[in-house]
Amino acid sequence: MTTTPTRNGSGVRGKRIEIDRLSKHFGAFKAVDELSFAVEPGRITGFLGPNGAGKTTTLRMLLGLISPTSGTALIDGQTYAHLADPAGTVGAALEATGFHPGRSGRNHLRTIAAAAGIPDSRVDQVLELTGIPAAADQRAGGYSMGMRQRLGLSAALLGDPDVLILDEPANGLDPEGIRWLRGFLRHLAGEGRTILISSHMLSEVEQTIDDLVIIANGRLVTSGPMADLSGGHGCQIRTSDPDRLIGALRIADVTARVEGDHIVADTTDLRLVGDVALRAGLPIWELREKNSELEKLYFSLTEGTNRNLGSPGAVSAPAERDAITGQEGANG
Amino acid sequence: MLRAIRSEFLKYFTTRLWWGMAIAIVASAVLFTVFFAFVFVELMPETTPDTMPPMEPVQLANSVYTAGLQVGYLLLLTIGVLQIGSEYRHKTITATFLANPRRMQALLAKAVALVGIAILNGLLSIVASTAVGALMLQLLGSDPWPSNEILRTLALSLLVLAVWALIGLGIGILIPNQVAALLIAVGVAWIVEPLVTFGLGFWEWAAQNVVQYLPTQATSAVINTIDSGTGAARLSWWGGSLVLVAYALVLAGLGIWRATREDVG
Chain A
1 MTTTPTRNGS GVRGKRIEID RLSKHFGAFK AVDELSFAVE PGRITGFLGP NGAGKTTTLR
61 MLLGLISPTS GTALIDGQTY AHLADPAGTV GAALEATGFH PGRSGRNHLR TIAAAAGIPD
121 SRVDQVLELT GIPAAADQRA GGYSMGMRQR LGLSAALLGD PDVLILDEPA NGLDPEGIRW
181 LRGFLRHLAG EGRTILISSH MLSEVEQTID DLVIIANGRL VTSGPMADLS GGHGCQIRTS
241 DPDRLIGALR IADVTARVEG DHIVADTTDL RLVGDVALRA GLPIWELREK NSELEKLYFS
301 LTEGTNRNLG SPGAVSAPAE RDAITGQEGA NG
Chain B
1 MLRAIRSEFL KYFTTRLWWG MAIAIVASAV LFTVFFAFVF VELMPETTPD TMPPMEPVQL
61 ANSVYTAGLQ VGYLLLLTIG VLQIGSEYRH KTITATFLAN PRRMQALLAK AVALVGIAIL
121 NGLLSIVAST AVGALMLQLL GSDPWPSNEI LRTLALSLLV LAVWALIGLG IGILIPNQVA
181 ALLIAVGVAW IVEPLVTFGL GFWEWAAQNV VQYLPTQATS AVINTIDSGT GAARLSWWGG
241 SLVLVAYALV LAGLGIWRAT REDVG
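The listed protein sequences derive, respectively, from chains A and B.
Anchor point for the first sequence: position 303 equals 303 in the working numbering, and the numbering is continuous, going up by one each time.
Anchor point for the second sequence: position 117 equals 117 in the working numbering, and the numbering is continuous, going up by one each time.
Where hints are given, some of them may not hold.
Partial pick of chain A residues on the chain B-facing surface, computed with a CB cut under 7 Å [to be verified]:
id, residue
1, I66
2, G77
3, Y80
4, A81
5, P86
6, A87
7, L94
8, H100
9, R103
10, N107
11, T111
12, I112
13, A114
14, A116
15, G117
16, G274
So the derived label-pair ranges between C-beta atoms look like this [unchecked claim]:
id, chain 1, residue 1, chain 2, residue 2, range
17, A, T72, B, V192, 34 to 40 Å
18, A, T79, B, G199, 51 to 57 Å
19, B, I191, A, M201, 50 to 56 Å
20, A, S36, B, Q105, 28 to 34 Å
21, A, D85, B, A27, 22 to 28 Å
Hints listed in this document are in silico derivations from the structure and should not be mistaken for laboratory results.
Every residue gets a Cβ at the ideal spot worked out from N, C-alpha and C, and that includes glycine.
Chain B on its own, in the form it takes in the complex:
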């Protein structure tokens, strides 16, 4: 198993993808942190004085420190799809299963390696966003560390990245065409889900009982960002975590189950 995991890490770190992704994740962390800190602290209190509840400093800090996560989890979703999709596309899956014919082991190794890759990228992202974010909040006159709850949020942001990478792995197997898998995965997460959320917002029952279980909404619940004000119900941080983990287990599980049985031609 350790050999298979080492092989998966080698696969990730021997193409240019890894540093491209690392740069993208750090850059988005820095950019969004600066942008959100500015927007939340400087602009929002003036534009929405009465309609919104007063902003809690903890939510503010959480939102600033995890601002890059909105892009970061999509990048990890992409990495998850590519880790298996490129094997199908370039037919290296044959070599993978020849080197280790215990397919279940080979695929679980992929999942473990993806969790490791997510944590590495997440740590890079956290270092960048907390350094820049704390500086910004300080400059803008807001408390950069109002509570140790922020520590929990940062730890959970690693979980969020790992879970989205595993969702990517599942989708990458279930949709063996790499390009289609990428388009569908990112499209659903970034376009379809917000539209559905928006649409269901007009239906009271769905807004209170369905929307909170959608993956992006669950992600927001886990890291406890500022509510976007749709009035929809939101899960607790642990509820959101459980929902996300369930998505990962179902999708990656289905994918791995299928790949252990499928003919490789």
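Pulled out of the complex, with its shape left as it was, chain A reads as follows:
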């Protein structure tokens, strides 16, 4: 988190995404089930869920590639197919594998640019932006996963879009690449663009995103700004006289409250808490950083309610193995 997130959408160019009671059923299977959320301009929104939660299906419905069973998915109040200038409004990178292996990266982008009425000069620009101008003339079949991600991102940026939709953009990037991506997305959001990125790993995106939407089994679990959801950072203290320590902490500008048999303070500066307690002459029986509620929540989701793994606790070893194999086949 190097820069302050742009609150309340300072930019004018961003467009709002609205998903309203969106459903997609494949036979009896409800891939997406009455899902509603909104994505605000000027912010990076993380779209999280375990593999098979319905993320990709939702994004494909938003982009008009899959027709919803019911509900709507609108960008700037329109379905994707009805946008006046689709490529200039929305850029999307859905799959790292969507290239003809015998065509060069540059020519891949040229075929898309031609269809969207974008001049070839823009192709060179986006290749510079994503840092792959040198490799662009080689055939895409030889690209590494990271190169494919960058080429996919290049394609998404061709129309200089107001809305950017990226499906698992960090997949296959090395740590250096992930840091680059984080800065790049932050820069784009700073220009007022709407950015929606999906991931199945919270840790991969939690430092990048402003807002969070979590889904599981095709349904919304929670959504909101990261700051609200993560419940702030804090620490947990146990001492002999909680009220006296809370008073002492207040003098040191730290708010704290009693929760059960311990105190929760809104700081992660454990040394400060220790010093305050020493000065107040109070013993420290326990002092530790509090686990993020969000992390716990997400962990419980990926562990327990993932439909691909069956009901928790009721799986025998072979069934579990089958279920995990099944999960590999499914795609978020």
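Fit chain B to the supplied structure of chain A, relying on the hints for placement.
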């Protein structure tokens, strides 16, 4: 629409497929022209003196100039299948429909581009086969240009190539697995249909009323090649053209109709 067509031409000319196909089409035109000219002029009059009707010079020239077409239309069928099949296989169909969410337009652009690609390849093939064929006929003592009907045949050979490319497009959509689509398309045209034709030849009614409407037979009718002597009825050149165009419209139409509705996952 023009943008979408330009994109489709770019897709074709930015992989190695296009020059591989161009070489194959020119090579087959040259080889088959030389071979057929030799067989028809030198060998056939001696081996079948009485059983066959005397060969018309026009049919002879038509057959020599369009000899490569027997392979050429299968190559265009392949190109048609690949133009859409490779999009499914490599998942570029997603990028295609994102760049142009009006699917009907994007797919019609594919059809128009395929007609253009067929005509380009056809012109290459005609230049090669007429140059080599005229030389061969001259050398073998036959009239290389007995009638201007040959011009009609050459023009219609372009139509034949375009129509088979569109049939390929239809099959490529209806059978989304590229390899299966190719095997089935070429297998039906080259193996199944000749066997069916042969089998139906033993059934008088079918030989007179069915066989002529099969795609390969209709193709032979359009370019008026030498009759293979099965005794089956044959359509006129315009009748054959209409039958072929109907095949293309039905198959490509069904394919495009389906692809505009289908989920792209």
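Evaluation of the provided hints:
no.	hint	result
1	I66	holds (4 Å)
2	G77	violated (16 Å)
3	Y80	holds (6 Å)
4	A81	holds (4 Å)
5	P86	holds (5 Å)
6	A87	holds (6 Å)
7	L94	holds (6 Å)
8	H100	holds (5 Å)
9	R103	holds (5 Å)
10	N107	holds (4 Å)
11	T111	holds (5 Å)
12	I112	holds (5 Å)
13	A114	holds (4 Å)
14	A116	holds (4 Å)
15	G117	holds (5 Å)
16	G274	violated (55 Å)
17	A/T72 with B/V192: 34 to 40 Å	violated (47 Å)
18	A/T79 with B/G199: 51 to 57 Å	holds (52 Å)
19	B/I191 with A/M201: 50 to 56 Å	holds (51 Å)
20	A/S36 with B/Q105: 28 to 34 Å	holds (32 Å)
21	A/D85 with B/A27: 22 to 28 Å	violated (45 Å)
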